[in-house]
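All chains, please: the whole structure from these sequences, using the hints.
Going down the list, the sequences are from chains C and B.
Each residue of the first sequence is one higher than the last, beginning at 1 in the numbering used here.
Each residue of the second sequence is one higher than the last, beginning at 1001 in the numbering used here.
Since the hints were made in silico from the structure, they are not lab data.
Just so it is clear, CB atoms sit at the ideal spot from N, CA and C, and this is done for glycine as well.
Mixed in with the good hints there might be a few duds.
Covered by chain C, per the in silico footprint, the following chain B stretches (three or more residues, Cβ under 8 Å) [stated by the list, open to error]:
| id | stretch |
| --- | --- |
| 1 | 1064-1071 |
| 2 | 1167-1176 |
If you anchor each label on the Cβ, the simulated ranges turn out as follows [what the hints assert, rightly or not]:
| id | chain 1 | residue 1 | chain 2 | residue 2 | range |
| --- | --- | --- | --- | --- | --- |
| 3 | C | Ala67 | B | Trp1279 | 37 to 47 Å |
| 4 | C | Ala41 | B | Gln1268 | 30 to 40 Å |
| 5 | C | Ala40 | B | Thr1057 | 19 to 29 Å |
| 6 | C | Leu16 | B | Arg1184 | 26 to 36 Å |
| 7 | C | Ala41 | B | Ala1188 | 22 to 32 Å |
| 8 | B | Gly1152 | C | Gly33 | 32 to 42 Å |
| 9 | B | Pro1148 | C | Ala40 | 37 to 47 Å |
| 10 | B | Glu1180 | C | Ser65 | 23 to 33 Å |
| 11 | C | Asp77 | B | Ala1277 | 56 to 66 Å |
| 12 | C | Ala41 | B | Asp1020 | 45 to 55 Å |
| 13 | C | Ala67 | B | Asp1213 | 52 to 62 Å |
Only part of the chain C face toward chain B is listed, based on derived beta-carbon distances under 7 Å [claimed, not checked]:
| id | residue |
| --- | --- |
| 14 | Leu35 |
| 15 | Asn46 |
| 16 | Asp49 |
| 17 | Val50 |
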Amino acid sequence: MTIPDPAPPARRGWPLWEVFVRARRGLSHQHVGSLHAPDAAMALRNARDVYTRRGEGVSIWVVPSSAVTASSPDEKDPFFDPAMDKAYRHPSFYDVPEGVSHL
Amino acid sequence: MTTPDTVSATVDVTRDLTGDLAVDLTADPIRAVLTHYVLGLADDALILAQRLGELVTRAPQIEEDIALANIALDLLGQARTLLGHAGEIEGAGRDEDDLAFLRDEREFRNVQLVEIPGGDFAVTMARQLIFAGYQYELYRGLVGSADPTLAGLAAKAVKEVAYHRDHARQWVLRLGDGTEESHRRMQAGLDSTWPYVDELFESGPGPGLALLDGIAVDPTSLRPAWESFVGDVIGEATLTTPQPIWRARGGRTGYHTEHLGHLLPEMQYLHRAHPGASW
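Structural data, given as structure tokens:
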């Protein structure tokens, strides 16, 4: 017995894209989610329709999900644990002068 | 409405221009023709919004589902402004809801292109290419209208429609220049919608738009730019511009295909069953 593939062929054929949206000038692009699209131009349009319907952005990047190299959950300890006990790396050991905003 | 719904061989200009409208063509020709004109623009947007809305949850991809719903909502927004404006010009106290939900088939003035069923996705994209291409030129022209409501709406809507046009272009290019099957379907989509093209570019009956110089845009003047854009897309998509052997006519004067009669009950049911219902 063969188990039917849950994804229809068309869906399988469309690659996944990661979407980054810049909310306004001066901010960096933030990852907002992913979507399927047949190519980059359509991915950009789909991202416009899916992620910026309520005025969320002024610029969009789409990146093929296959181009993302991700850290592995197995490497979580060596990657991240050593930073946990080094409080001196946080900028919390000096006083902020009065009148300085947006710091 | 006093004229019976029979198709007469001789065209009754007064009936065709104003029909059920509460404006007198003889006493106030400019207001009558303008009401008719604005209602035509409004009904095009309203009926196509309804057709595109039918695709929600049925589009081939969820991303496309949202794209089509966005386009439908843009058109619905345009329709609301235009219907409200038509009601004001008519001056009989009808608001956007009255005009959208309480008119019958014979009183709608949309072109037949927007009421025919969407068919498969290629038919829907063929219609989008034709209609968004037309609406883009239309709104670009109306930006300079002496009617401030039309000019304001056009300035906002032309950006929306530029996106609709690009969306349709992208799909026609991909389907036309895609696989053998997608090419066949896209060509079939163009072939089945092309008989409805001519109607978009007609000036209408009687004295019509000549009275609205500076207010309305004569649809015949939009055709060269439309043909240039659509022709480029079709060529790049390796498709062929159809040469239909028949053409639709009559939508602007209330003569419709049998399909509008099925669309309206679904669109109007709630308002007619529960008058004045609100969220």
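key: Status of the given 26 to 36 Å range, CB of Arg1184 of chain B versus CB of Leu16 of chain C   = holds, 29 Å
Next item on the list: State, for the Cβ atoms of Ala41 of chain C and Ala1188 of chain B, whether the hinted interval 22 to 32 Å holds or is violated.
Entry: holds, 24 Å
Asp49 of chain C was flagged as interface toward chain B. Is the shortest Cβ-Cβ separation under 7 Å? Holds, about 4 Å.
Could one say that the CB atoms of Ala40 of chain C and Thr1057 of chain B fall in the range 19 to 29 Å?
holds, 27 Å
**Prompt:** Does Leu35 of chain C meet its interface restraint, that is, does its C-beta lie within less than 7 Å of any C-beta in chain B?
**Reply:** With Cβ-Cβ at 5 Å, under 7 Å, it holds.
| task | Would you check chain C against the stretch 1064-1071 of chain B, counting CB to CB pairs closer than 8 Å, and say if three or more residues qualify? | result | Satisfied; 4 residues make the cut.
Verify the CB-CB distance for Asp77 of chain C and Ala1277 of chain B against the hinted window 56 to 66 Å. Since the Cβ atoms of Asp77 of chain C and Ala1277 of chain B sit about 59 Å apart, the hinted range of 56 to 66 Å holds.
* At the C-beta level, are Ala41 of chain C and Asp1020 of chain B separated by a distance inside 45 to 55 Å? -> holds, 46 Å
* Regarding Gly1152 of chain B and Gly33 of chain C, is the given constraint of 32 to 42 Å on their beta-carbon distance met? -> holds, 35 Å
Take the shortest C-beta to C-beta distance between Asn46 of chain C and chain B; is it under 7 Å?
holds, 4 Å
Q.
Quick check on the hint: Val50 of chain C CB to chain B CB, less than 7 Å?
A. holds, 5 Å
*Confirm or reject the claim that Glu1180 of chain B and Ser65 of chain C have a C-beta distance inside 23 to 33 Å.*
With a Cβ separation near 29 Å, Glu1180 of chain B and Ser65 of chain C satisfy 23 to 33 Å, so the hint holds.
In this structure, every one of the numbered hints holds.
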